[in-house]
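**Q** Here are the chains, one letter per residue:
Protein chains: 2
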Amino acid sequence: MNSALKQHIEKITPLTDAEFEYVSSMFSSKKLKKHQFLVQEDSEVHNEYWVVKGLLKAYHTDEDGKIHILQFAMEDWWITDFQAYMNCTPATIAIDCIEDCELLVLSRDNKEKLCNELHSIANFFRKKSNVGYVALQQRILLLLNKNPQERYNRLFKLNPKLLQRLPKTLLASYLGVSRETLSRLSHP
Amino acid sequence: MNSALKQHIEKITPLTDAEFEYVSSMFSSKKLKKHQFLVQEDSEVHNEYWVVKGLLKAYHTDEDGKIHILQFAMEDWWITDFQAYMNCTPATIAIDCIEDCELLVLSRDNKEKLCNELHSIANFFRKKSNVGYVALQQRILLLLNKNPQERYNRLFKLNPKLLQRLPKTLLASYLGVSRETLSRLSHP
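Those protein sequence lines, which keep their order, are chains V and U. Residue 60 in full-length UniProt numbering is what sits at position 60 of the first sequence, and the numbering runs on without skipping anything. Residue 85 in full-length UniProt numbering is what sits at position 85 of the second sequence, and the numbering runs on without skipping anything.
Since the list can't tell identical chains apart, any single copy or any two copies may satisfy a pair.
For lysine-lysine, the following DSSO-like pairs were computed, each having C-alpha atoms within a straight-line distance of at most 27 Å:
hint: 1; residue 1: Lys11; residue 2: Lys113
hint: 2; residue 1: Lys30; residue 2: Lys111
hint: 3; residue 1: Lys31; residue 2: Lys53
hint: 4; residue 1: Lys127; residue 2: Lys113
hint: 5; residue 1: Lys161; residue 2: Lys34
hint: 6; residue 1: Lys31; residue 2: Lys6
hint: 7; residue 1: Lys33; residue 2: Lys111
hint: 8; residue 1: Lys128; residue 2: Lys31
hint: 9; residue 1: Lys53; residue 2: Lys11
For the record, the hints were derived by calculation from the structure and aren't laboratory data. Because the structure is a prediction, the values reported are computed rather than measured.
Modelling step: build the complete structure from the supplied sequences, incorporating the hints.
**A** So this is what it looks like as structure tokens:
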């Protein structure tokens with residue numbers, strides 16, 4: 001049993017110990033070292049992952065070999081290539097570890113089983129998905145805003161802890177600015 | 001009863017006639033003319049909307065008065081300011097009608113009631129939210145890709161019907177290019 005996972009779920013919905021034990025039995029665990037891949041482009045994606053410890057990045061590599069960061073994930077966040085996971089299509093993004101990571105793994109089949117068996121878990125994942133949806137909308141507004149300082153301020157406001165842990169190169173990439181531009185931005 | 005809504009829900013989950021009648025009773029309907037607002041910035045957002053007929057845009061206006069399009073919605077799509085709707089905060093985007101619109105309105109309270117009472121509806125909205133999440137990820141990859149022709153091709157592949165109905169000015173804005181650049185792009 002992972003008490004952090006129980007706390008994570010109970011932020012949204014209460015579970016009895018027996019229910020949580022059952023939910024917990026549907027997860028496996030996985031450890032990865034810094035720089036290891038969780039998902040590689042073109043691979044099959046059968047799982048989503050909840051971060052117990054560590055930091056990861058999901059990104060697309062364009063034809064010129066330049067990487068475009070879709071999202072980061074740290075403790076208490078979920079990550080996978082959701083498109084590939086949902087549609088059973090090959091991954092179009094890669095996910096690798098910025099730090100050593102400990103993850104809990106939930107397969108598509110186990111997730112559907114849980115959501116069909118436990119009404120509270122269906123509602124938990126519905127609400128988590130809504131939160132993720134809104135986070136992506138924020139990310140889009142961040143991308144649409146052409147002023148790098150405002151993008152930086154917005155990211156700082158949304159995720160001050162994330163900002164402290166990110167290597168500057170990745171932060172610059174996420175904000176879509178050069179390292180030089182990043183160094184000229186004032187700390188909010 | 002709206003048979004299109006029943007079909008829409010039953011793409012994901014079967015409902016008995018009695019269940020659908022109950023679900024349907026939780027919606028009200030709304031008609032808006034072209035150019036009318038569905039959501040204005042800073043207003044309260046208590047509802048989400050399912051498009052029976054018409055086309056809308058959700059957008060943010062920056063300090064220079066320039067609009068940045070977050071999403072479009074046409075028949076069979078859901079739209080609202082999801083951040084404001086979920087978090088009970090003032091709207092940070094506006095939504096208005098590109099064409100005359102007929103909408104079905106679902107309040108936050110009625111949605112939660114339905115999701116708590118009907119397991120199938122909780123799963124329906126969970127899956128719809130997942131689909132929306134993936135669509136936003138696609139939108140982000142579209143924004144990150146700096147090649148306008150590829151962005152155009154990707155949008156065409158995702159939504160050929162939408163593309164035909166959009167005024168060229170809005171299409172250019174969505175792709176983040178000028179009208180001149182748009183006119184030079186080749187039709188996929």
